[in-house]
Amino acid sequence: MPPGAGVNVPNSETVPLVSARNVSKSYGSHVALSDVSFDIEPGITGVLGANGAGKTTILGMIIGLHKSDGGQLQVLEQDPWFAGSDVRMRLGYAPEHHTLPPTMQAADFVQHVAELHGLPKTEAITRSSDALWLVGLGEERFRPMGSMSTGQRQRVKLAQAIAHDPAIVMLDEPTDGLDPVQRDAMLDLIRDVAERFGISVILSSHLLEEVEQICDGVVIIGEGRTLASGSLDSLVNSEATGVVVEVDADDRAVAAFAAQLQARGASVTIHQRRVTIEGSDDSVFDLARDVCADEGLGIVRMSRRRLSLEDVFLESLG
Amino acid sequence: MTTPNPIVPTSPASPADPANPIAGTAQIFDQGYRRYEGERTGVAGAMSSLVRATWRQALGLKRQTRNKLIPFMIIVFAFVPAVVFVGLAALLPDDFVNELPTYVEYYGFVVAAIYLFAAFVSSAILCEDRRTGMLGVYLSSPLDRRTYLAGKAIAFCTLLFIVTILPILLMLLAYSLQNAGPDGFGNWIETFAKIVLSGVAFGLVFAFPSLAVASTTDRWVVATATNAAMFPASAVVTDLLVGEGNLTPHLRLLNIPGLARELTFRIFNEPQASLWSRFDNPTWTLVLAALGWILVSGGIVWANYRRLLVRR
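Residue numbers (my numbering), protein chains in the order written: chain C, 1 to 318; chain F, 1001 to 1312.
Honestly, the hints are just simulated from the structure, not real lab data. Among the hints, a few may not be true.
Stated by the list, open to error - Taking beta-carbon pairs under 8 Å as the criterion, some of the chain F residues facing chain C (in silico):
1) G1032
2) Y1033
3) R1040
4) S1049
5) P1142
6) L1143
7) P1249
8) L1251
Please read all numbers here as calculations on a predicted model, not as lab measurements. Think of the CB as a built atom: it goes at the ideal place given N, C-alpha and C, for glycine as much as any other residue.
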């Protein structure tokens, strides 16, 4: 069997790319992960969590650097601890730090990483060039990385992560240090990698906004536990209940409107001229309409409440 | 240079023009990122790439000139005596050629260059990877800590053999061409083998202690300075302890440059040039000491890397 042939990309219809079941990991008395369970499906998945939540430990376990103390972790249908080399051959990884070898040319670096992942030399040379063109560094590929800007180095890291055509690419804070324009360009590139080339992306980030912008799925880790996981749509929609009503009124009238709603048994929260009414059925719409009519208020907007990822994150943290 | 990526036209030029045989077979070639379906070279390929990258890293190849300066200067220093001796052998009358240093005595002229090279290169290849985060990149490839360290050790030792073997082989070849080499093919092969064996032993005795020092710090300047000081210090201290302190002669086995040189004298069987008494330090104790240095130093490297928290 040729090297790497033992690793198959799972059938996306049946088997998740990464599957964790009750995974635990401790370092001495410190519990890094406790009964963590989640699935990562093809597409772009964001791994979210505060510093020290356990994100790095999970990434390390997916790469096969750490052995779990309990539970089962499968990456590309293999246990990364026992099949570490085979699994890592099909993984791309872009580290968080920017301190790449300063004297090394970008093209040499990307070629070297491609060779490390099993590409023959001639193929690695070709693909390093292609990957650097893809990320917009074609003209800069023979520059030493020490002379590159943070944005360029982030692109080099993406290029080296995808040059060997991985099944999964893991990006650790890929927009760290970028200005808004560079950030959007990087997110477009990541989306491109996933959609045009079918490479699944696991994105570790603490920026909820960018995760919400490009991710299909989310795993939220907190204090070593899985707080939430699943597709972004299902998480945002399942958590959202109630109706948001924006009325054309001053603060006093908004307060009176809210008081009327509460008098009729509704649970409400006020944010400027927006009133959120809790409730899961359509009668909430009728209630809001009736109270507005009674109070003589104009309705600017009335819609089902939609949570942002930040809401989900904060709620899952409790 | 990229491999063309053929895009077969969805509606090829058909029917083919009989007057133009090229028509209908034309393809548009595109280049750009695409999927890779070929075989992968596995851990062996990754180690091979690591070894080659380490050679480039240590010698500053494919980097700016200032990165090449120190390693190539040391290599030149290691070769200069050989070139001088070869020149003298060519210029001097035959009677004086026998007065030139023997192969094994050559190490006395270049021992400083060898330990400087070991100090500089070991620090460059280990410390830089940790400082620049390359270690994390390596460990997220098919390499693990064992194969990473094995690749680094292979690359380092082969580089050291450039300065411990090649200059003396150059002397052997030059002397042989001037009819001043070993007599007969058998003797020539035996001398060749002794030179290689001596160079390997000499290189290994310096290689592993310097790697052990380099594994303890991320700062290559600190590692280089410590290594450069450690080798002569081990000689001075043990000589003082044995010579002035009248302690056991076995303490000399802690003298790394002395141990390396004495091993080469024993390999060439040149007792008249030997540094140490064969009664006080039998050859088997030298071999054990060399193995001890290699194993203990290798153990220190492994212990440091096994518990190293990889920065990502």
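Chain C contact restraint for F/G1032 - C-beta distance below 8 Å: holds, 6 Å
When the least beta-carbon distance from F/L1143 to chain C is tested against 8 Å, hint result: Constraint on F/L1143 satisfied, holds at 7 Å.
Proposed interface contact between F/R1040 and chain C, which counts if any beta carbon pair is under 8 Å: holds, 3 Å
Hint check, F/P1142 versus chain C [nearest Cβ-Cβ separation less than 8 Å]: At 4 Å from the nearest chain C Cβ, F/P1142 passes the 8 Å test, so the hint holds.
Per-residue hint verdict: F/Y1033, partner chain C, C-beta under 8 Å: Holds, because the Cβ-Cβ distance from F/Y1033 to chain C comes to roughly 4 Å (cut-off 8 Å).
F/S1049 as chain C interface residue, shortest Cβ-Cβ below 8 Å: holds, 4 Å
Status of the F/P1249 interface restraint (C-beta, 8 Å, chain C): violated, 46 Å
Evaluation of the interface hint that places F/L1251 against chain C, nearest CB under 8 Å: violated, 40 Å
The structure shown violates the earlier hints numbered 7 and 8.
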